[in-house]
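J.: These are the residues of each chain, in order.
2 protein chains.
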Amino acid sequence: MKNLFVILALLAQTSIVSLGQVVENSIPAPTNINQNQCPCIMPDNSVVFQVKAPNAQKIQIDLGKKYDMVKGLDGVWTVRTEPVEPGFHYYFLVIDDVSVADPASQSFFGTGKMSSGIDIPEKGADFYAIKDVPHGAISSKYYYSNVSESWRRLYVYTPSGYDQDKNTKYPVVYIQHGGGEDETGWVTQGKTDLILDNLIAEGKAKPMIVVIANGNVRAGGGGYSSEGMAAFKKEMTQNIVPFIDKNFRTLTDKKNRAICGLSMGGGQSFYVGLESLDVFGSVGIFSSGIFGGIRNASGSTFDAEKEIPGLLSKSSEFNKKLNLFYISCGEGDMRIEHTKKAVAAMRDKGLNVEFNSFPGDHEWQVWRKSLNDFASRVFK
Amino acid sequence: MKNLFVILALLAQTSIVSLGQVVENSIPAPTNINQNQCPCIMPDNSVVFQVKAPNAQKIQIDLGKKYDMVKGLDGVWTVRTEPVEPGFHYYFLVIDDVSVADPASQSFFGTGKMSSGIDIPEKGADFYAIKDVPHGAISSKYYYSNVSESWRRLYVYTPSGYDQDKNTKYPVVYIQHGGGEDETGWVTQGKTDLILDNLIAEGKAKPMIVVIANGNVRAGGGGYSSEGMAAFKKEMTQNIVPFIDKNFRTLTDKKNRAICGLSMGGGQSFYVGLESLDVFGSVGIFSSGIFGGIRNASGSTFDAEKEIPGLLSKSSEFNKKLNLFYISCGEGDMRIEHTKKAVAAMRDKGLNVEFNSFPGDHEWQVWRKSLNDFASRVFK
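In order, the protein sequence lines correspond to chains A and B. The first sequence lines up with residues 24 to 403 when you count with this note's numbering. The second sequence lines up with residues 24 to 403 when you count with this note's numbering.
If you're looking for bench data, these hints aren't it; they were derived computationally from the structure. If you're wondering where the values come from, they're calculated on a predicted model, not measured in any experiment. Each hint should be verified, as a subset may be incorrect.
No copy is singled out in the list; a pair is fine if it fits within one copy or between any two copies.
Derived BS3-like pairs (lysine-lysine); straight-line CA-CA distance at most 30 Å [what the hints assert, rightly or not]:
#1 Lys229 - Lys88
#2 Lys227 - Lys269
#3 Lys154 - Lys256
#4 Lys88 - Lys75
#5 Lys363 - Lys269
#6 Lys75 - Lys372
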C-alpha cells in the first residue's frame with residue numbers, strides 16, 4: 024500500500040489527467056465535474072484527491088477526518104484517504120486553513136454553504152441508479168409564504184404517467200432536509216426521483232407525489248428550536264399542503280398524506296406530524312437527534328409523553344390515527360442508541376413503531392435507504 | 024473613497040457580520056448564502072468582498088479583473104472593487120494562487136466548474152424579478168440519448184395554466200447555454216422561468232414551453248467544433264425534439280418551434296437551426312463568436328454563404344422559411360463589431376434579420392435581456 028502511494032505521488036508529479044487511468048481498477052468519483060479523473064475511488068473505497076497549488080503552504084482534505092495532502096515537485100498536492108463508507112459525503116479542500124469547495128467536484132448545498140460532495144458507489148445498491156424504467160419528473164414551483172412573507176421555492180416529484188393519465192389522484196409524502204441543507208438536498212443528494220422511479224417500476228411502492236420544501240422558514244434557519252418548529256408547522260399546514268392540494272392531483276384525506284424527514288427534518292416530522300394527525304396519517308423520522316443527547320423540545324432527555332401528550336398514555340388512540348409511524352437511524356450514528364431506547368419505550372407502552380437501521384453514520388446513504396424503505400411501506 | 028476603504032478595513036478587523044449593516048446604503052448581494060452580509064454591493068455598484076484566512080499568504084478576487092485583498096489584524100481579508108456592471112458575474116476567490124468558489128456565495132456551473140456568482144441588481148430592470156403573477160414551473164426530466172448512449176437530464180419550463188387547461192397545446196423554444204456551462208445555466212443564472220412568467224402575465228409573449236437541454240453532447244463538451252455541432256444537431260433533432268413532442272402538449276409545426284442560445288449555444292442555434300428549417304421556424308443567436316474573430320466552422324472570417332449555402336444567394340427562400348431570425352449582442356462585447364458587420368452583410372443581400380444590442384459585456388444580463396426580447400417577438 025505504501026508503494027502504491029509512492030507511485031501515486033510520482034504520478035501526481037507528472038500528470039493530473041493520467042492518474043485515474045493509470046491507477047488500476049480505480050474509478051473517477053461520479054460526483055466529479057466533467058472528465059476530472061480525481062477524486063478517484065480505489066477498489067478498497069479509499070479515495071485519491073489532488074489539487075495543483077504550487078504556492079500554498081498547507082492543504083488538507085476534510086472528510087470529517089482531516090487528511091494532510093503531500094506536495095509533489097510540480098506543485099500538485101495528493102493524498103489517499105483511508106477506505107470511505109459507500110454513499111454520499113460532504114467534504115472540503117482546506118487551503119492554508121480556509122475551507123472551500125473542491126473545484127474538481129460538484130458542489131451541493133449542505134453544512135450551511137456550498138460544499139463538495141463525493142458519492143462512493145455501494146456494491147449491490149442499485150436502488151438509486153438510473154435505469155431503463157419509466158421516469159417521473161421533479162418540478163420547481165414558487166409559492167407565497169405568509170410566514171416568511173416572501174416567495175419560496177419547493178420541488179415536487181410526480182411519478183411517470185402523471186401527465187398522461189389526467190384523472191388519477193395520488194397520495195403525497197412531504198419530505199424534509201436536515202440542518203444546514205435546503206430544498207435541493209432531497210432532489211440532488213437524496214436522489215428522490217430515481218428511488219421513487221425504481222420502487223414504482225418494480226411495484227414496491229404506490230405511485231405517489233413527493234413534496235420537497237425548504238424547512239428553514241425563519242431567518243437563520245433554526246428549525247430545531249420550538250419557535251422554528253412552530254413556524255415550520257404553520258408553513259407546512261397553512262401554506263405548503265394547501266398549495267400542493269390546489270395545484271396537483273392529490274388524494275386529500277389524511278391516510279394519503281405522510282410527512283418524513285432526516286435529522287432536523289426528522290424532528291420537524293415528529294412534532295409537526297404527531298401534532299397534526301388530522302392532516303398527516305403517516306410519519307417518518309430518519310436519524311433525528313430528538314431522541315436524546317442532541318436536541319429535543321423538552322431538554323436533553325427524551326420523554327415521548329412530554330413531547331407529545333398522550334403518545335404513551337393514550338397510545339391506542341395514536342395507533343388508530345397513525346397508518347405508519349416509522350423511525351430509522353444509521354448503525355454507526357451517535358444517535359442510534361438513544362433512538363433504539365426511545366423506540367423500545369414507545370413500543371413498551373403499546374405504540375406501534377416500525378423501526379429499521381442501516382449501515383452508516385449520519386449521512387445520505389442511510390437517508391436514501393430510509394426513503395426507499397419508508398416509501399415502500401407507506402400508503403398500504 | 025480612500026477613507027471609506029480604511030473604515031472598511033477597520034471594520035473587517037472587528038466583525039464580519041456587522042460590515043454590511045454598518046456600511047451605509049450597501050446591500051448584501053442577492054447571490055449570498057443565507058444571511059452573509061458580504062459580498063455587499065455599494066451604491067456605486069462597487070463590491071466589498073471578505074474572507075477570513077489568517078494563514079494565507081495572498082488572496083485575490085477574480086472578477087475577470089483580479090483584485091488583491093488586504094489582510095486585517097484579525098486575519099480577515101477585504102477588498103472593495105471598482106464599480107461593477109449590473110447583472111450576473113462569475114467570480115473566484117484566489118487563495119495562494121488556487122482559484123476556488125467563495126464559500127460566502129452560491130455556486131453555479133459555469134467556466135467548466137462550480138463558480139461563484141454575484142448578481143448586481145440593475146435599477147429599473149425588474150423583468151426577471153419574482154412578482155405576484157401566475158407562475159409556471161420548471162421540470163427536470165430524463166431522456167435516453169442514442170448519441171451519448173446515456174441518460175441525460177433536461178429542464179422544461181411550462182407556463183402557468185399548463186396543468187389546469189389540459190387541451191391547450193403550446194409553441195416551444197429550445198434554448199442553449201454557453202461553453203463551460205450546462206443545462207442549469209438558463210434555469211439558474213438565466214432566470215428563464217421568471218422572465219417568461221412576467222412576459223406572459225403582461226401579455227407581451229405567448230404562453231410557451233421552453234426546453235433547456237445540455238448542449239455538451241460529446242465527451243469534453245466541444246460544442247463549437249464541426250463534430251460537436253453535428254453531434255448536437257443529431258441530439259436535438261433526433262432525440263430532444265421527439266422526446267418533448269411525445270411528453271408535452273406541444274404545437275408540432277415548425278412555425279411553433281424555435282431554437283436560440285447564447286455564445287456557443289448561439290453558434291449551435293445558427294447551424295442546427297438554419298440547417299433544419301423543416302424543424303425550426305425561428306432562430307435566435309445571442310452573443311455568438313461565430314461572426315468573426317473567435318470561432319466559426321469555416322475559419323476565422325465569417326462568410327454567411329459559406330456557412331449556410333444559399334443564405335445570401337437565396338435569401339428570399341430563407342426569408343420564407345424563417346418566421347424570425349434574431350441576433351443580439353452586448354454593446355461592450357468584443358463580438359459586437361463582427362456581429363454588426365455580419366448582420367449588415369446579410370441584410371445587404373435581402374435576408375430579414377432582427378437585431379438588438381444591450382449594454383454589457385459577454386454576460387448573463389445581456390442574455391436575460393436577449394431572451395426577454397426574443398420571447399416577446401417569436402410566435403407572432
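J.: Could you run down the list of hints and mark each one as holding or not?
T.: Each hint tested on the structure:
no.: 1; hint: Lys229 - Lys88; result: neither (40 Å within a copy, 54 Å between copies)
no.: 2; hint: Lys227 - Lys269; result: both (28 Å within a copy, 27 Å between copies)
no.: 3; hint: Lys154 - Lys256; result: between (36 Å within a copy, 26 Å between copies)
no.: 4; hint: Lys88 - Lys75; result: both (21 Å within a copy, 22 Å between copies)
no.: 5; hint: Lys363 - Lys269; result: neither (39 Å within a copy, 49 Å between copies)
no.: 6; hint: Lys75 - Lys372; result: neither (59 Å within a copy, 52 Å between copies)
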